[in-house]
Amino acid sequence: MRFVLNEDQNMLRESAADFFAGRLPLAHQRKLKAQGLTHDADAWREMAELGWNAIALPEAVGGVPFDRSGVALVLAEAARTLAATPLFASNLLAAGLIEAAGSDAQKRDWLPALAAGDKLGALALDERARHDPTRIATRATREADGWRINGAKCAVVDGEFADLLLVVARDADTQDTLLFVLDAHTAGVSCQPLSQIDAQPMARVRLDGVKADEAALLARGAAADAALNTVLERARIALAAQLQAISRVLFDTTLAYLKQREQYGRKIGAFQALQHRMARLFTRIELAESCVQAAVAALDTDADLALPAALAKGMAGETALAVADEAVQLHGGIGVTDELDVGLFLKRVQVLEALLGDSVYQRARYARLIGVVA
Amino acid sequence: MNEINDFKASVRAWLEANCPPSMRTPPPEGEMVLAGSRLTFTQPDQQLWFERMRDQGWFAPDWPREYGGGGLDARQTRVLESELARLKCRAPMVNLGIWMIGPVLLEFGSDEQKARHLPGMARGEVAWCQGFSEPGAGSDLAGLSCRAEHDGDDYVVNGSKIWTSYADRSDWMYALVRTDPTAGKHAGISMLLIDMASAGVSTRPIELISGKSHFCQVFFDNVRVPVANLVGAEGEGWMLAKALLAHERRAMSKFGDNNVPGVDFLDLARRLVAQADPDSRAVLTDRVAACAMDEHAYKLMLERTHEAGGAGQDVSALVATFKYLHSEQNKTRYRTLTALAGTDALGWEGEGYDEELLKLARQWLNAYTYTVAGGTSEIQLNILARRVLGLPDSGG
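Chain order of the listed sequences is A and B. Once you know that position 288 of the first sequence is 288 in this note's numbering, the rest is easy, because the numbers rise by one and skip nothing. Once you know that position 102 of the second sequence is 476 in this note's numbering, the rest is easy, because the numbers rise by one and skip nothing.
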């Protein structure tokens, strides 16, 4: 079944929904923001205790034997209250890469702490404003006792408090892709926390002559590329699930407003011009939903994730942008105030859209995957 | 359980043995068999398939045997349908009788009407057409004005029907007529069965922007229709039409896409994008990808609807998007291919043009029909807004 959740998935989703509604409701995010905080560290601890950081990791290193789709389901529920979680960076990206590319010894060294939530991980990949995992200028030079890494990374989700940094570099000699796992406190690693529109954690990371020993190299060449691609596809699907969750919230909120707000002596939802805009959005949302559900289901199979991920993130991103635009516009004056939550969702949509390839990027990728361009 | 499995095995075996391989592909344009008194076949396999299905009673598998049906129960009918789909068997004919008016007569018709009309439908011997739309009543169907005046044992019908598929090849029409101009808009409407051979009936084929079509306009000039041909009671026409349109949706879902041959979008798009000038190529690629993603998403939505519906979830909101999305996506796809093909897409007929691109031009123009016919896209959006989203009915 690709489109009907099983009992375990439903239970996880419900408990996640309860957790975010009770522990991290949207009002709480406003409080954090007012205090200059990007997340609630205590709540992150509680999520780890619920086992969420350990989903789909090997049991031998403290993982929870739940299908990987579980991460996407929890993240989608988090998106509904705009709650920040460690799952995206620490579980899907960092632990995912170590699991996919690391040796048994490396997995034993790093994964237990990530699974338990005792440590947090982040991925330092992109170097350009628009996502492009193929253009990596960070160089690792071989030295007598290991590697010396230099480079600058942007858009590192959770970078500012990550204990482990997964760094994508190129071998200065061979140009091979190299995947390193580094202690974030290594000399030469510097992190610049950013104040982003959605008030969630984001950082730039510099690597200035950072020393790494051989044990820090997870994989190189084709093995590194393959592991990175797999993990990025999973992460794109999780981003799509979050975008889709926000589309739902914004659509429902806007629909309720149209049924309540009166102008010219009647509910504005009675105006056909607005009805048709909502009906069109509804068709887009259901199309995107179908793509997201298929992609989330694919997370639990051995299927190649490239096409479902490109389709899901492309459709969900484009749809969420359209829904967010309409949500602001149809709310009128109140829609452009900070008081209304709609604007907070708009900002979050734009962040999720930009991460790991926006909908234009996904569409171009989709075109290549189906052979429209060679 | 065993019984239904046995039935399934026997249906499968029968179809394997009796459906000619050439009838397991979508029919090329113009190769659909039309039920009716002027039955013609373009090839022997068509006739074989038609006669074998007819003799099984499987044109109308779930109708009672006394009316020429197959006498199958609902479960058996579903098995037969899924086996037909599995083997990709063509519908052996187009038959609005069985798909549309037949089920209405079964439920609401008089015994005499059933005995007279159903067996002919079930054997594919009578062609039926639908007289609903009028020149003055399109989206607002209930505003129809075709008049039926009671006169002795007859109604006298005057007026016109339009967008009637295959009217010029039909033996009978089920029509909505206004029997009481003083009653309310909906209450004055009745349903009549009209013999197309009656004096005063004339038909005129309608030529579309895409060329010849199966659509006709039908004129009624003092046509006498026996009162016995009234379905249900006077004033029940609107209720009957609604019941009938529910069958239309079911019929479309049964025989829908499977039977529409088209150009292969991706195949053609790949070829044409490669030929485009380098500057345009990126933009064209983007448009093609957008179409392909929409189509991919739509297919996933169909699969999702099927799966979720099977699991007992309410999928009516999803179903309500199908007609709008399918017809609109279709139009965009053809529009995109037409742009890609440049002046090669401008051929109307004859020498000097690639055959596939000639077909493309017609299908592009034909795509405009489908965002209008069967409830315009705007009507579909109204339905979504009001019935699915629960927004107030503003009367538009």
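Worth flagging that the hints you see were computed from the coordinates, not collected in a lab. Certain hints may be false.
Selected chain A positions facing chain B (Cβ under 7 Å, derived; list incomplete) [said to hold, decoys possible]:
no., residue
1, Val-189
2, Cys-191
3, Gln-192
4, Gly-269
5, Ala-273
6, Gln-275
7, His-276
8, Thr-283
9, Glu-286
10, Ala-294
11, Tyr-366
12, Ile-370
13, Val-372
14, Val-373
List time: in silico SDA-like cross-link candidates among lysine to any residue, alpha-carbon distance up to 25 Å [as the list claims (entries may be wrong)]:
no., chain 1, residue 1, chain 2, residue 2
15, A, Lys-211, A, Thr-141
16, A, Lys-267, B, Gly-764
17, A, Lys-33, B, Val-762
18, B, Lys-673, A, Arg-280
19, B, Lys-559, A, Gln-272
20, B, Lys-705, A, Arg-280
21, B, Lys-673, A, Thr-174
22, B, Lys-673, A, Lys-267
23, B, Lys-559, B, Asp-688
24, A, Lys-259, B, Lys-559
25, A, Lys-259, B, Pro-766
26, A, Lys-347, B, Lys-673
27, A, Lys-259, B, Asp-688
28, A, Lys-211, A, Gln-272
29, A, Lys-259, B, Lys-673
30, B, Lys-673, A, His-276
Idealized CB from N, CA, C, for every residue including glycine.
Evaluation of the provided hints:
1. A hinted interface residue such as Val-189/A counts as satisfied when its beta carbon comes closer than 7 Å to some beta carbon of chain B; here the least separation is about 39 Å, so the hint is violated.
2. For the restraint placing Cys-191/A at the interface with chain B, the shortest Cβ-Cβ distance is roughly 37 Å, beyond the 7 Å limit, so the hint is violated.
3. For the restraint placing Gln-192/A at the interface with chain B, the shortest Cβ-Cβ distance is roughly 35 Å, beyond the 7 Å limit, so the hint is violated.
4. At a threshold of 7 Å, the smallest CB-CB gap from Gly-269/A to chain B is about 4 Å, leaving the interface hint in force.
5. A least Cβ separation of about 10 Å between Ala-273/A and chain B goes past the 7 Å threshold, and the interface hint is therefore violated.
6. Because the beta carbon of Gln-275/A sits about 4 Å from the nearest beta carbon in chain B, less than 7 Å, this interface hint is met.
7. Below 7 Å, beta-carbon pairs count as interface contacts, and His-276/A has one with chain B at about 5 Å; its hint therefore holds.
8. For the restraint placing Thr-283/A at the interface with chain B, the shortest Cβ-Cβ distance is roughly 5 Å, inside the 7 Å limit, so the hint holds.
9. For the restraint placing Glu-286/A at the interface with chain B, the shortest Cβ-Cβ distance is roughly 6 Å, inside the 7 Å limit, so the hint holds.
10. With its C-beta approaching chain B no nearer than about 5 Å, Ala-294/A sits inside the 7 Å limit, and its interface hint holds.
11. Among the interface hints, the one on Tyr-366/A holds; its C-beta lies about 5 Å from the nearest C-beta in chain B, closer than the 7 Å criterion.
12. Given the 7 Å rule on beta carbons, the hint for Ile-370/A holds: about 6 Å separates it from the nearest Cβ of chain B.
13. This hint holds: Val-372/A has a C-beta 5 Å from the nearest C-beta of chain B, less than the 7 Å allowed.
14. Given hint, Val-373/A at the interface with chain B, holds; its Cβ is 5 Å from that chain's nearest Cβ, closer than 7 Å.
15. Straight-line distance between C-alpha atoms of Lys-211/A and Thr-141/A comes to about 10 Å, which keeps the hinted pair within the 25 Å bound.
16. For the hint pairing Lys-267/A with Gly-764/B, the CA-to-CA distance comes to about 12 Å; that is within 25 Å, so the pair holds.
17. Distance restraint check for Lys-33/A and Val-762/B: the Cα-Cα separation of roughly 37 Å exceeds the 25 Å cut-off, and the hinted pair is therefore not satisfied.
18. Straight-line distance between C-alpha atoms of Lys-673/B and Arg-280/A comes to about 18 Å, which keeps the hinted pair within the 25 Å bound.
19. Proximity of Lys-559/B to Gln-272/A is assessed by CA-CA distance (about 23 Å); at most 25 Å being required, the pair is judged to hold.
20. Under the criterion of a C-alpha separation no larger than 25 Å, the hint pairing Lys-705/B with Arg-280/A is consistent with the structure, at around 16 Å.
21. About 44 Å separates the Cα atoms of Lys-673/B and Thr-174/A, which puts this hinted pair outside 25 Å; it is violated.
22. Proposed proximity of Lys-673/B and Lys-267/A is contradicted: the alpha carbons are some 36 Å apart, above 25 Å.
23. In summary, the hint linking Lys-559/B to Asp-688/B is not supported, as the alpha carbons are separated by about 33 Å, beyond the 25 Å threshold.
24. Distance check on the hinted pair: Lys-259/A and Lys-559/B sit about 29 Å apart at the alpha-carbon level, beyond 25 Å; violated.
25. A C-alpha spacing of about 8 Å is found between Lys-259/A and Pro-766/B, which places the hinted pair at or below 25 Å, so the restraint holds.
26. At roughly 31 Å between alpha-carbon atoms, Lys-347/A and Lys-673/B are farther apart than 25 Å, so this suggested pair is violated.
27. This hinted pair checks out: Lys-259/A and Asp-688/B have alpha carbons roughly 23 Å apart, not beyond 25 Å.
28. For the hint pairing Lys-211/A with Gln-272/A, the CA-to-CA distance comes to about 64 Å; that exceeds 25 Å, so the pair is violated.
29. Note on Lys-259/A and Lys-673/B: the hinted pairing is violated, with a Cα-Cα distance of about 32 Å set against a maximum of 25 Å.
30. Note on Lys-673/B and His-276/A: the hinted pairing holds, with a Cα-Cα distance of about 23 Å set against a maximum of 25 Å.
Hints 1, 2, 3, 5, 17, 21, 22, 23, 24, 26, 28 and 29 from the list above are not met by this structure, while the remaining hints are.
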